[in-house]
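Starting from the given sequences, assemble the full structure and let the hints guide the process.
There are 6 protein chains.
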Amino acid sequence: MNEETRDKLMGVSVATLATALFKRGLRNQVIQGVHPVGRKGRNMVGPAFTLRYMPAREDRNQLTEFRREDHPQRVAIETCPEGSVLVMDSRKQANAASAGDILITRLMVRGGAGVVTDGGFRDAAVIAELDIPAYHTRPSSPTNLTNNEAIAINEPIGCGDAPVFPGDIVVGDDDCVIVIPAHLAEEVADEAVEMTAYEDFVVEQVKAGQSIIGLYPRTRDEHLTAFEAWRKANGR
Amino acid sequence: MNEETRDKLMGVSVATLATALFKRGLRNQVIQGVHPVGRKGRNMVGPAFTLRYMPAREDRNQLTEFRREDHPQRVAIETCPEGSVLVMDSRKQANAASAGDILITRLMVRGGAGVVTDGGFRDAAVIAELDIPAYHTRPSSPTNLTNNEAIAINEPIGCGDAPVFPGDIVVGDDDCVIVIPAHLAEEVADEAVEMTAYEDFVVEQVKAGQSIIGLYPRTRDEHLTAFEAWRKANGR
Amino acid sequence: MNEETRDKLMGVSVATLATALFKRGLRNQVIQGVHPVGRKGRNMVGPAFTLRYMPAREDRNQLTEFRREDHPQRVAIETCPEGSVLVMDSRKQANAASAGDILITRLMVRGGAGVVTDGGFRDAAVIAELDIPAYHTRPSSPTNLTNNEAIAINEPIGCGDAPVFPGDIVVGDDDCVIVIPAHLAEEVADEAVEMTAYEDFVVEQVKAGQSIIGLYPRTRDEHLTAFEAWRKANGR
Amino acid sequence: MNEETRDKLMGVSVATLATALFKRGLRNQVIQGVHPVGRKGRNMVGPAFTLRYMPAREDRNQLTEFRREDHPQRVAIETCPEGSVLVMDSRKQANAASAGDILITRLMVRGGAGVVTDGGFRDAAVIAELDIPAYHTRPSSPTNLTNNEAIAINEPIGCGDAPVFPGDIVVGDDDCVIVIPAHLAEEVADEAVEMTAYEDFVVEQVKAGQSIIGLYPRTRDEHLTAFEAWRKANGR
Amino acid sequence: MNEETRDKLMGVSVATLATALFKRGLRNQVIQGVHPVGRKGRNMVGPAFTLRYMPAREDRNQLTEFRREDHPQRVAIETCPEGSVLVMDSRKQANAASAGDILITRLMVRGGAGVVTDGGFRDAAVIAELDIPAYHTRPSSPTNLTNNEAIAINEPIGCGDAPVFPGDIVVGDDDCVIVIPAHLAEEVADEAVEMTAYEDFVVEQVKAGQSIIGLYPRTRDEHLTAFEAWRKANGR
Amino acid sequence: MNEETRDKLMGVSVATLATALFKRGLRNQVIQGVHPVGRKGRNMVGPAFTLRYMPAREDRNQLTEFRREDHPQRVAIETCPEGSVLVMDSRKQANAASAGDILITRLMVRGGAGVVTDGGFRDAAVIAELDIPAYHTRPSSPTNLTNNEAIAINEPIGCGDAPVFPGDIVVGDDDCVIVIPAHLAEEVADEAVEMTAYEDFVVEQVKAGQSIIGLYPRTRDEHLTAFEAWRKANGR
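Chains as they are written, first to last, in this note's numbering: chain A, 1 to 236; chain B, 1 to 236; chain C, 1 to 236; chain D, 1 to 236; chain E, 1 to 236; chain F, 1 to 236.
All copies of an identical chain are treated as equivalent in the list; a pair is satisfied when it fits inside any one copy or across any two copies.
Here are the simulated SDA-like pairs of lysine to any residue, each with C-alpha atoms no more than 20 angstroms apart in a straight line:
1. 23 to 63
2. 207 to 111
3. 40 to 128
4. 207 to 81
5. 23 to 60
6. 23 to 71
7. 8 to 83
8. 207 to 82
9. 207 to 75
10. 23 to 183
11. 23 to 186
Just so you know, the hints here were simulated from the structure itself, not pulled from any lab data.
Listed below in structure tokens is the structure:
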């Protein structure tokens with residue numbers, strides 16, 4: 001993704017992006033049920049690189065499997081492009097881990113922009129302190145072999161009931177994670193920046209005692225005038 | 001509600017209130033599954049003002065709906081009486097938002113005593129920092145139009161499987177939220193203050209090494225004597 | 001349990017223990033769905049002492065029940081051996097409490113090593129501040145009588161879908177809780193200490209830029225040499 | 001509703017109607033999770049008349065309540081217009097009944113076209129034999145007072161996560177129940193009749209060995225010719 | 001239990017019994033979520049004999065376990081008293097079986113009055129044809145060892161969220177199963193017979209066109225007169 | 001698969017197969033939560049041919065999509081080999097259909113051995129009458145486009161939490177469906193035939209009054225002798 005779009009997406013909320021996608025008829029792009037392992041105070045932004053898990057069959061998922069250099073979970077960590085977000089389809093099951101602190105540390109060192117699973121991470125308290133945004137549903141200590149077999153890399157997947165295609169732009173904030181279809185990323189980023197400016201103006205107005213009726217959304221002309229003045233004054 | 005009752009309810013826990021209602025045969029007054037968006041270090045107390053959501057039908061829930069000045073969600077925010085708690089029946093679904101930071105800010109400015117939904121708020125990280133108690137099940141960024149249509153104001157509703165009638169007294173602490181039927185509020189507040197005094201005494205006793213048998217609940221006379229002395233000593 | 005094993009288990013993670021049990025064919029020993037009420041920054045370790053709840057029948061669960069000195073919940077708190085972890089089978093239902101702050105305070109004063117329920121605690125915000133590790137699924141203010149009847153002490157139970165036998169060794173960290181069958185505790189503790197040393201080495205290597213392939217798990221000889229040097233250097 | 005539309009809707013499937021509504025952007029009109037209490041071998045068709053339940057508060061829901069002649073559940077049964085379908089919002093909870101055989105018999109005698117709840121019926125085995133279509137999630141013997149308070153008649157409601165407005169046209173077959181917005185009923189009925197003719201033709205073709213590619217949906221001209229011949233031959 | 005009570009309970013519905021218990025303040029005696037494996041066209045009635053399952057630990061649950069003559073599942077089948085209902089607490093989990101056709105056949109031959117699990121049976125299609133009432137949540141082919149360890153016989157248990165004490169009277173019909181506390185069985189049976197007579201009268205009246213208002217429940221004197229005549233005429 | 005193995009698997013139950021796989025350490029091969037749309041009175045047996053669904057993104061899932069001749073759902077139906085079982089990963093979501101009667105009819109005509117989804121079928125009442133075994137969780141009328149996008153053919157998938165690899169042997173009976181890893185099919189079929197003979201013998205013995213202790217499983221020699229005589233007498 002281009003740097004300008006990334007910068008724009010660093011400054012807007014997932015809520016604002018969800019509304020921008022809703023306008024375009026896309027209602028299910030928020031990854032449901034995940035939250036930050038540790039709050040980072042900044043957005044996670046990057047194209048999706050995916051890993052798909054299937055239910056683990058016991059004979060294929062002994063500890064020796066990890067000794068294979070081509071194990072898909074390990075390969076995903078080692079090949080996720082710099083700046084990308086690794087998104088894992090764990091079938092919304094957190095009874096076994098999707099990954100642990102060693103793998104996420106490696107992803108961080110390799111320049112990964114973040115990681116999302118609709119399952120859970122082991123070593124979550126450690127991952128929370130790493131300098132990489134991570135999102136999951138809850139901590140889960142059992143090794144992924146217990147229930148998850150990593151089976152495919154960079155396929156279209158579901159994650160938290162949202163559709164994720166490789167290359168879609170993934171944005172996370174302190175609340176949620178959203179998936180922006182790749183071809184919409186730029187226009188949605190632009191629109192979200194505009195919306196954010198107006199929302200920031202609205203918050204100021206509301207804190208000053210203004211009613212939301214006619215202001216949010218704006219249906220009264222007086223607010224347009226005030227907003228334009230505010231933009232100039234605030235360089236927005 | 002009268003100020004004295006409010007003051008009493010500011011100083012007792014939801015757990016104590018739940019027991020007082022249990023004594024009266026009311027077992028389902030705690031709103032299940034909600035927690036504070038951000039801890040406030042003080043109770044939320046106020047009469048219930050309600051908003052009911054139904055599943056959103058797409059043709060009735062486009063963004064243009066918000067331009068209607070009579071949209072029930074907006075009207076609820078603008079008409080919730082000062083000192084009241086806005087309680088939202090979101091059918092226990094948090095896949096779309098019940099409200100966001102702008103509306104909750106407006107509610108705060110208007111003097112709302114708090115807000116509860118059995119769904120989720122968008123902009124939750126912002127709401128957590130506002131000076132108004134808010135309770136939900138989890139952050140949820142999609143606009144409420146995605147799944148929730150605000151349909152009715154101040155009807156009897158369910159919230160987190162608890163029955164809520166307009167005017168019932170809603171109390172929230174750092175753990176939970178409870179709904180006290182309006183006609184019981186005073187007597188329950190009184191009883192809870194008494195119970196709290198005894199519980200505070202008990203905690204001191206237990207920390208000092210006392211067994212709970214005979215003490216909690218009190219069945220041995222010795223503890224009555226000690227408690228009476230403690231009340232005097234502590235002005236309770 | 002012997003002190004040496006306890007000390008070892010204080011220094012390893014539940015994730016590492018889960019892998020050690022997985023090697024032995026035990027896949028379901030993590031108590032699913034519970035988390036610390038308040039993080040303690042240290043492990044919880046101790047043999048399991050159990051309490052089993054069943055659904056409450058209203059005529060058997062009035063407040064007067066607590067006046068019985070042989071009420072199993074009260075007896076469990078008063079008889080749980082020093083150094084043991086009280087594990088409660090609440091049938092994974094948190095709509096009523098498993099216990100509250102007074103009982104947990106008493107357990108703490110009596111020397112309990114910790115407490116786990118697959119339901120919820122009332123007064124959870126207070127329990128979070130106590131100097132005893134406690135794990136649950138969510139705060140729950142209603143008295144246990146509302147839905148839970150304490151029926152049996154120190155039976156084999158299920159907790160969060162894990163099997164728990166009295167005397168099994170229970171270990172909790174900031175993420176999860178695991179149950180180690182009593183006869184395996186020593187050997188698993190030993191193995192986990194070894195595994196932890198290697199994992200700590202691996203984290204350092206990964207932070208220094210090393211790939212995980214061949215390192216974790218170790219399949220390349222070079223890492224063995226490096227690890228042995230690291231152990232000497234770090235006294236591990 | 002007019003008789004012609006009713007007749008058309010008696011002859012089409014809920015699946016076909018769901019597709020017709022999907023074309024119009026309505027994706028959530030099927031009442032999720034309900035099935036026929038007993039199969040009737042014919043469709044249920046009629047405008048919705050609604051009843052809303054809320055969680056039961058014990059003091060308001062003793063058996064004596066039913067003695068009130070204005071109890072909303074009783075009133076709903078006695079005032080549901082002939083030819084209408086009574087749709088009950090039981091908040092998707094089947095742990096207590098929505099109604100039993102006596103009330104459903106009365107509804108039948110009064111000419112009700114059917115009844116739907118997203119909870120459960122008591123006396124379900126009896127209701128299955130009545131000559132009125134009924135849909136629920138599962139049998140549930142406890143009286144509705146146990147968990148459901150009938151609170152409002154003919155409001156907009158949710159039922160099985162579908163939006164239901166009084167007067168919407170409700171259609172049920174052996175699989176599912178769907179809610180057609182009132183203003184769309186005629187055009188959707190017309191379209192569904194057309195679709196059904198083509199689908200019946202397709203089934204014959206497929207049974208005769210035809211591939212679905214190009215046939216369903218029709219993209220090849222040869223099938224149009226064949227279909228037109230089939231319509232003439234079959235008087236459709 | 002005495003034969004007279006059994007006979008009475010053979011002729012009333014679980015719905016009627018649920019109402020009789022509701023009058024006495026017991027709201028949770030219906031075993032939630034279970035249904036007949038095969039309809040028998042007659043009630044299941046008998047005192048509860050219980051079996052409790054816990055989560056299976058793999059090393060304790062190999063196939064060789066069944067070779068032990070004291071395996072609790074086998075012992076329960078062989079010691080359940082004639083005329084009793086075997087009630088199994090499977091923790092509401094049907095991913096592995098509670099029992100299969102061979103054991104249920106044995107229970108039938110031994111004179112068991114029925115069997116209930118809040119899990120599932122394997123060989124369910126065969127069990128459906130046996131001459132013994134059986135209730136479960138769904139068919140489940142995996143051997144119970146996969147997830148359930150039979151751990152205790154004739155303890156108080158939960159089954160489908162209902163409390164079950166050994167000796168409680170269990171009644172099942174084509175809809176549901178209910179648990180009557182032993183000490184209430186006779187009076188509840190008597191009352192249910194009376195209620196059933198009135199309900200049968202009501203059904204006739206309603207089918208003849210009578211409104212339910214004033215009739216069900218009876219608040220108008222005219223219906224009392226009619227009912228008394230009906231009883232005489234019908235020998236009830 | 002060879003015809004001999006298929007014949008053997010036609011005559012054994014899923015329960016017996018589940019035990020044979022359990023002996024080999026495979027505990028999760030039963031597809032959880034599915035049942036026959038209509039009972040066929042015979043087993044479904046065939047190698048798995050898979051279709052994977054992901055969450056539907058609205059812009060990619062308009063009705064026009066079905067006009068594409070390469071739409072994966074249509075292609076799967078047209079390319080599933082004769083004698084194979086089409087297994088669909090619908091992410092355990094039945095709020096939209098996995099397929100309908102036209103497609104399943106086509107699959108039947110093409111010689112498909114059966115079809116399984118962990119979602120639901122539309123036109124289920126029609127599919128129930130077709131001469132092809134079909135398994136699902138519940139009827140679901142909305143077109144699959146509403147929530148499911150068919151994305152990939154013949155990949156390893158999860159179905160009802162069981163792992164399914166293309167070519168695995170899928171067996172369904174009136175209760176459940178199981179997935180036998182391809183390399184085990186022959187030996188498991190052989191073993192299951194043997195087990196079935198013994199179980200049939202046991203049922204006869206139990207019906208004749210024999211205790212299960214020592215008989216099932218067989219630990220007493222007398223039963224071996226009797227079984228051998230029975231085999232001769234019955235030609236098994």
